[in-house]
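Construct the complete structure from the given sequences, taking the supplied hints into account.
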Amino acid sequence: KQEVTQIPAALSVPEGENLVLNCSFTDSAIYNLQWFRQDPGKGLTSLLLIQSSQREQTSGRLNASLDKSSGRSTLYIAASQPGDSATYLCAVYSGGGADGLTFGKGTHLIIQP
Amino acid sequence: DTEVTQTPKHLVMGMTNKKSLKCEQHMGHRAMYWYKQKAKKPPELMFVYSYEKLSINESVPSRFSPECPNSSLLNLHLHALQPEDSALYLCASSQDPVLRAGEKLFFGSGTQLSVL
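As they're listed, the protein sequences go chains L and R. 1041 is the number that my numbering gives the last residue of the first sequence; the numbers go up by one with no jumps. 486 is the number that my numbering gives the last residue of the second sequence; the numbers go up by one with no jumps.
Everything labelled a hint here was simulated from the structure, so no lab data went into it. A couple of the hints might just be wrong.
[Claimed, not checked] DSS-like mimics (lysine-lysine), calculated; alpha carbons at most 25 Å apart, straight line:
| no. | chain 1 | residue 1 | chain 2 | residue 2 |
| --- | --- | --- | --- | --- |
| 1 | R | K392 | L | K970 |
| 2 | R | K388 | R | K408 |
| 3 | R | K410 | L | K970 |
| 4 | R | K379 | L | K1033 |
| 5 | L | K996 | R | K474 |
[Claimed, not checked] Reference listing, derived: stretches of chain L covered by chain R, where coverage requires no fewer than 3 residues with Cβ under 8 Å from a Cβ of chain R:
| no. | region |
| --- | --- |
| 6 | 950-962 |
| 7 | 965-976 |
| 8 | 1022-1034 |
Beta carbons are placed, not taken as given, at the ideal position from N, Cα and C, and that holds for glycine.
Below you can see the structure in the form of structure tokens.
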């Protein structure tokens, strides 16, 4: 059974810092990995999706990397802003429809103004 | 239009009430989902509706019943809920139920449900 772990569970940094969120998964047989953002009491917004054949994806100040063989992904946020405060969830897709999408518990990020 | 619309945003109900959550998407997506999310936990898949077929997570109690009136709507009927059912209920959709080609999930804003 796939398990997804996100470290740290919570992070608080001053505005302007670059930061890294970590995601690890136990079964490397995945099709893709997604990073989501969730604001309190709201739905999830997909930020980046990396296919298993890719090493990284970039969108603006966000860069996600994938090392499938070691079961790791990182989300790099450059020049953090207070608006980046949210919970970031990692999800890996192992096949079989939505049943095969396994979420981590998320990293709760606070950017201090 | 890349939105999944959920109503209501908030719902408080007693254990003897019957209520419904509504979800709508106009992206032509062929799969729709209901998730349940407790505080500080990841979303848990409850139901999948795709190609006129409903797939149920066997751990979901029968007091939750989904209904799909058409390909754009997926409702969740609630009856005789328990206080432990209080959670954020999220609806999502995707172009195809098979996600391996990189299909993204589009989530609604959720319904925050409190059962008294």
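Checked hints:
1. R:K392 with L:K970: holds, 16 Å
2. R:K388 with R:K408: The given pair, whose Cα atoms are some 21 Å apart, holds under the 25 Å limit.
3. R:K410 with L:K970: Satisfied, since the Cα-Cα distance of roughly 13 Å is no more than 25 Å.
4. R:K379 with L:K1033: holds, 23 Å
5. L:K996 with R:K474: This hinted pair holds, its Cα atoms lying about 19 Å apart.
6. 950-962: holds (count 3)
7. 965-976: Holds: 6 residues of the region 965-976 of chain L have a Cβ under 8 Å from chain R.
8. 1022-1034: holds (count 10)
Of the numbered hints given earlier, the model fails none.
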